[in-house]
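All chains, please: the whole structure from these sequences, using the hints.
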Amino acid sequence: MREFFPGEILLLKKKHPCGENSWELIRVGAELKLRCRGCGHLLILPRRRLKKLLQRENEAEGRERSGLREEPRKEKGRIPEQGEDKN
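Residue 52 in the numbering used here sits at position 62 of the sequence shown, and the numbers go up by one each step.
What the hints contain is simulated information worked out from the structure, not anything from laboratory work. Please note that a few of the clues may not be correct.
In silico DSSO-like links for lysine-lysine, alpha-carbon gap of 30 Å or less [said to hold, decoys possible]:
{"no.": "1", "residue 1": "K4", "residue 2": "K42"}
{"no.": "2", "residue 1": "K3", "residue 2": "K23"}
{"no.": "3", "residue 1": "K4", "residue 2": "K23"}
{"no.": "4", "residue 1": "K23", "residue 2": "K5"}
{"no.": "5", "residue 1": "K23", "residue 2": "K42"}
{"no.": "6", "residue 1": "K41", "residue 2": "K23"}
{"no.": "7", "residue 1": "K42", "residue 2": "K3"}
{"no.": "8", "residue 1": "K5", "residue 2": "K41"}
{"no.": "9", "residue 1": "K42", "residue 2": "K5"}
{"no.": "10", "residue 1": "K41", "residue 2": "K4"}
{"no.": "11", "residue 1": "K3", "residue 2": "K41"}
Label pairs and their calculated CB-CB ranges [said to hold, decoys possible]:
{"no.": "12", "residue 1": "K5", "residue 2": "I34", "range": "14 to 24 Å"}
{"no.": "13", "residue 1": "F(-5)", "residue 2": "K42", "range": "15 to 25 Å"}
{"no.": "14", "residue 1": "R25", "residue 2": "E71", "range": "49 to 59 Å"}
C-beta: ideal position from N, C-alpha, C; glycine also.
Here it is in structure tokens:
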């Protein structure tokens, strides 16, 4: 289960009407209080609802944290340019 901390910046899937999709977490409890970082609008949501609205972490960020890094793919059938390795 994900923990939330006051002062944390959260990215939601949908943008607020002001155009911003990042929110600052103000209060933590059964309900969470958020402030829009664009216009300052306050929003109170139950935890269950907020978890559905949160953007998932980028896969690349998750891999970096776990120590896994993706190597660039080698293109099949491509002729290497002069000076490039054929491997």
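> Of the hints given before, which are not true for this structure?
Replying inline: Nothing - there is no hint that the structure violates, so all of them hold.
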